[in-house]
Amino acid sequence: MKITGTMINYYFVCHRKLWLHVHRLSFEEQHENVQLGKLLDQSSYTREKKQIMIDETVNIDFLQDWKIIHEVKKSKSMEESAEWQVRYYISYLRKKGIAVERGILDYPLLKKRKEILLNDEEEEKLKDILLDIEYISNQENAPATINKKWCKKCAFYEYCFS
Amino acid sequence: MVESYYLFSSGELKRKDNVVRMTAPDGRFKDIKIEMTRDIYLFGETSMNTKCLNFLSTNKIPMHLFNYYGYYTGSFYPKEVNISGNLLIRQVEHYTDETRRLIIAKEIIYSASYNIYRNVRYYHQRGKDLETQLDQLKALRKLISRAKNIQELMGIEGNIHQVYYTCWAIVVNQKIDFQKRVKRPPDNMINTLISFLNSLVYTSCLSEIYVSQLNPTISYLHSASDRRFSLSLDIAEIFKPILVDRLIFSLLNKKVISESDFDTESNFCYLKKNAQQKILKAYNERLEKTIKHRELKRHISYRHLMRLECYKLIKHLMNDKNYEGFKIWW
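As you go down the protein sequences, you meet chains A and B in turn. For the first sequence, the residue numbers in the UniProt record's numbering are 1 to 162. For the second sequence, the residue numbers in the UniProt record's numbering are 1 to 330.
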């Protein structure tokens, strides 16, 4: 199974969202915040070569000299999931023999950035996460709704709670 | 927010840069901003090119076509981009397994008839004597759960409509000879209005199905072999009492529509252009009207209820939550 950065991200947000996304039941496209995210991506860092797709699996926002991985986000909510998304990219590229130094989370709207590193302990944890994602995806049915405060802003909200 | 565009004038429909431009023979034009468009309805005589269709397709905008008489002729349904193979398999499984198919079909009829019942009750509470019909409808609705197959279910549905249509003469204040539903061609004002508005609901449902991941050709109440987007007919069934029938009652009772809106020589089959426009305007206003959704705790438009219906159906098919059809609650 090809595990994408989005899947890593969703794993930390909501297992149900992850399952639905894996089964191609995705509602992102029509959602306002997702469209805003897309526009943000189009209008920021226009000098860089962007959206680098590797192995048709991981899609990296942009790279600096194949050493620094950048991930652009609209806001800091769900920061942990974004951090792991970047750690996954670092790990993925390192396995391909690319000497990635670190990752950076960019918040162009907040004019902030955050450095992300990957240590051995986190590398180990990533392995478990990948296994867990496979496990969740292979479940027959979608996991139950989580009913957290961030559900209301989620593109899947109307699907989950209608 | 995105909108539906209803184009009545004749002319050329073409892509112009990043908009679709409708140019009338006299050179006047209207630009349709593509990001703001949900779907396009064509009522006039329009010529267009593949460039325009390709543009609509890449922007995932369905286009619904109507002939000179206002009858629905078909839709340009852009390529599906958001397909879930998994869901498709389940959709088919629920169709081929008669037991599972019947569960969904029953729920559709159950909800549709509930909405019908509520329409009758509404007018009963407003002083029209519909006591007997209400009792009959209640009795018929009890039979739904006992239906053993789709044919039987369709029979019950037919009976419900028969009773329902006897209410119409009482509800409608204008004198119209309306006994039963006649299609192709409709034979009086009410039948013409029903046909026209039904086709609109059908296309609205289709537009909503298009943005969901459901396959529009696999349906449960209607037979999937109808060579139509029959899932649209299924979902429309639930919303017709609220969107079509209520609207007809109100248009006729408020005298917005009367005999003069029809071409009488056509035996009332033909709605004049300005009448079509009046109805479309009323229909669109109805679709945009919002209600506070109980579970979602959000304001949801009537149109969006159709989308939620698709979601609920998906959840049923994915074995997530049993499908419960939309029943008007206010």
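Among the hints, a few may not be true.
[Stated by the list, open to error] 30 Å max Cα-Cα, derived DSSO-like pairs, lysine-lysine:
#: 1; chain 1: A; residue 1: Lys38; chain 2: B; residue 2: Lys312
#: 2; chain 1: A; residue 1: Lys148; chain 2: A; residue 2: Lys125
#: 3; chain 1: A; residue 1: Lys152; chain 2: B; residue 2: Lys278
[Said to hold, decoys possible] Partial list, derived from the structure: chain A residues whose beta carbon lies under 10 Å from chain B:
#: 4; residue: Tyr135
#: 5; residue: Asn138
#: 6; residue: Glu140
#: 7; residue: Glu158
#: 8; residue: Phe161
These are computed hints drawn from the structure, not numbers from a lab. Here a beta-carbon is modelled for each residue, glycine too, at the ideal position from N, C-alpha and C.
Now for the hints, and whether the structure bears them out:
1. A:Lys38 with B:Lys312: holds (28 Å)
2. A:Lys148 with A:Lys125: holds (24 Å)
3. A:Lys152 with B:Lys278: violated (38 Å)
4. Tyr135: violated (17 Å)
5. Asn138: violated (12 Å)
6. Glu140: holds (7 Å)
7. Glu158: Holds, because the Cβ-Cβ distance from glutamate 158 of chain A to chain B comes to roughly 6 Å (cut-off 10 Å).
8. Phe161: holds (6 Å)
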